[in-house]
Amino acid sequence: MSRSMLTVEVTKQFFTKNKPSFALDLSLAVGPGFTVLTGPSGSGKTTLLRLIAGIIAPDRGRIELASKVLFDSANRIDRPIPGRHVGFVFQNYALFPHMTAVQNVSYGIKSGTRSEKRDKASEMLALLHVDHVALRTPSELSGGEQQRVALARALASEPEIALLDEPLSAVDVETRGKLLDEIEAVQQRSGIPFIYVTHNEAEAERLGQQRITLQNGRVVEAKVSK
Amino acid sequence: MIWDALKLSLLVVSVATAIVGVIGLLFSYLLAKTNFRGKEFLDAALTLPLVLPPTVTGYYLIVLLGRRGLIGSFLYDLTGWSVAFTWQGAVIAAVVVSLPLMIKASRASIETVDPQYEMASFTLGKGRIATFLRVTLPLARRGIYAGLVLAFARALGEFGATLMIAGNIPGRTQTMPLAIYEAVASGNERQAQLLALVLTGVSIAAVYFTNRLSHSEVHG
Numbered sequence: 001m002s003r004s005m006l007t008v009e010v011t012k013q014f015f016t017k018n019k020p021s022f023a024l025d026l027s028l029a030v031g032p033g034f035t036v037l038t039g040p041s042g043s044g045k046t047t048l049l050r051l052i053a054g055i056i057a058p059d060r061g062r063i064e065l066a067s068k069v070l071f072d073s074a075n076r077i078d079r080p081i082p083g084r085h086v087g088f089v090f091q092n093y094a095l096f097p098h099m100t101a102v103q104n105v106s107y108g109i110k111s112g113t114r115s116e117k118r119d120k121a122s123e124m125l126a127l128l129h130v131d132h133v134a135l136r137t138p139s140e141l142s143g144g145e146q147q148r149v150a151l152a153r154a155l156a157s158e159p160e161i162a163l164l165d166e167p168l169s170a171v172d173v174e175t176r177g178k179l180l181d182e183i184e185a186v187q188q189r190s191g192i193p194f195i196y197v198t199h200n201e202a203e204a205e206r207l208g209q210q211r212i213t214l215q216n217g218r219v220v221e222a223k224v225s226k
Numbered sequence: 001m002i003w004d005a006l007k008l009s010l011l012v013v014s015v016a017t018a019i020v021g022v023i024g025l026l027f028s029y030l031l032a033k034t035n036f037r038g039k040e041f042l043d044a045a046l047t048l049p050l051v052l053p054p055t056v057t058g059y060y061l062i063v064l065l066g067r068r069g070l071i072g073s074f075l076y077d078l079t080g081w082s083v084a085f086t087w088q089g090a091v092i093a094a095v096v097v098s099l100p101l102m103i104k105a106s107r108a109s110i111e112t113v114d115p116q117y118e119m120a121s122f123t124l125g126k127g128r129i130a131t132f133l134r135v136t137l138p139l140a141r142r143g144i145y146a147g148l149v150l151a152f153a154r155a156l157g158e159f160g161a162t163l164m165i166a167g168n169i170p171g172r173t174q175t176m177p178l179a180i181y182e183a184v185a186s187g188n189e190r191q192a193q194l195l196a197l198v199l200t201g202v203s204i205a206a207v208y209f210t211n212r213l214s215h216s217e218v219h220g
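For the record, the sequence lines run as chains A and B. Using this note's numbering, you'd call the opening residue of the first sequence number 1 and step up by one each time. Using this note's numbering, you'd call the opening residue of the second sequence number 1 and step up by one each time.
The hints are simulated quantities; they were obtained by calculation from the structure and are not laboratory data. Note that the structure is a prediction, hence the values are computed from the model and not measured. Mixed in with the good hints, there may be bad ones.
To be verified - PhoX-like, lysine-lysine: derived pairs with alpha carbons at most 25 Å apart:
hint : chain 1 : residue 1 : chain 2 : residue 2
1    : A       : Lys223    : A       : Lys12
2    : A       : Lys110    : A       : Lys178
3    : B       : Lys39     : A       : Lys17
4    : B       : Lys33     : A       : Lys17
5    : A       : Lys68     : A       : Lys110
6    : A       : Lys12     : B       : Lys33
7    : A       : Lys68     : A       : Lys223
8    : B       : Lys104    : B       : Lys33
9    : A       : Lys110    : A       : Lys120
As the list claims (entries may be wrong) - Derived coverage of chain B by chain A (criterion: at least 3 residues anywhere in the stretch with Cβ under 8 Å from a Cβ of chain A; other residues may be distant):
hint : stretch
10   : 116 to 123
11   : 135 to 149
Note that beta-carbon positions come from the ideal geometry of N, C-alpha and C, so glycine has one too.
Given the sequences, and given the hints that come with them, work out the whole structure.
Spelled out as structure tokens, the structure:
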């Protein structure tokens, strides 16, 4: 097994109207490179991403990213979201509607003057081939363009891992193949691990050198590249 | 008398609206985005002046801030100054009665901002304050403007609580609504008419702007 970048060992019980509804009991390790996370809807894929990002907290367990502890119930560690350095591409992108594409991307850039940030944001947009929409607001962008801007924004913040929650679900079929190639290329360039959630079998097959499958809140299959 | 009242009203209302804007946003944020013990109580206490007769609100202000009041006596011993019968007293009365209107509008607006945007901001390394200022506030701005306009209009019309804590001293604490009362009481028809017209105009403008702001609520 390759050196793992991320280890997750957590449990969480969810409740609906005070009754236990869904239980998550996950144990997994993710290596560098591209990892596809699949499973039927409701199996806990998005929840896993949110646990890693710190948007929700597990009941018990430990999450470690690049030998940095993000969460550890035994030692009462729960690093707040901004300190986790996790790039998140939300399913509906969550681009800030009151900012242009380039403002969205420069928002997460941590150091530099205003113009340096802007230059770096423009570079990121160019890398994802959306520099021509830099001055448009999200409502003026197509699904594919929004997806690219969202990925550019996540990567511009220099995260240690990128989490992509079904990023192509709102993109038309023709654009998908091209975007998949680009996402793979961007992953290689960035050098950080990507976790890519999809329940599209074709996408999973194509991307999945490393693949983790969830079912009912548990890992049922883990294929990690050598 | 008209110009004195107008000038004083503008001073009192602009200071009050500025204060309401700052503390109203603070309370709106606390009520909309956080959970803490006593939240229900705080919410109720801040809403109370909306339903209390203003004279009752004014009475409580005297009990709290008057020269012999709970806080006021302390302040008076310390500085020899009291807010009673000053324009600052009128500002406090205006703040207390108009704050609930600001909070109602801005809190509702802040609550409708999709938390996903805030989550996105956190994952981009921004803390709570930066996220509030750069994401939540701009997305909730229409409700906030509407709240400010309503608070401004309410502060401008404030009568009862002002009369109780600040009195009705021409040139010092006599705001426009008080001046109207005095003009009518002393049979000065023309002056009452003029003041009433000015206040009506401002109120119509306030309603117009709040309607425009709430109807063009587009961002979510």
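Comparing the hints with the structure gives:
1. A:Lys223 with A:Lys12: 24 Å, holds
2. A:Lys110 with A:Lys178: 30 Å, violated
3. B:Lys39 with A:Lys17: This hinted pair holds, its Cα atoms lying about 22 Å apart.
4. B:Lys33 with A:Lys17: 22 Å, holds
5. A:Lys68 with A:Lys110: Within the cut-off at roughly 20 Å; holds.
6. A:Lys12 with B:Lys33: 24 Å, holds
7. A:Lys68 with A:Lys223: 24 Å, holds
8. B:Lys104 with B:Lys33: 14 Å, holds
9. A:Lys110 with A:Lys120: Given that 25 Å is the threshold and the Cα spacing comes to 11 Å, the pair holds.
10. 116 to 123: Holds, because 7 residues of the stretch 116 to 123 of chain B bring their Cβ atoms closer than 8 Å to Cβ atoms of chain A.
11. 135 to 149: holds (count 3)
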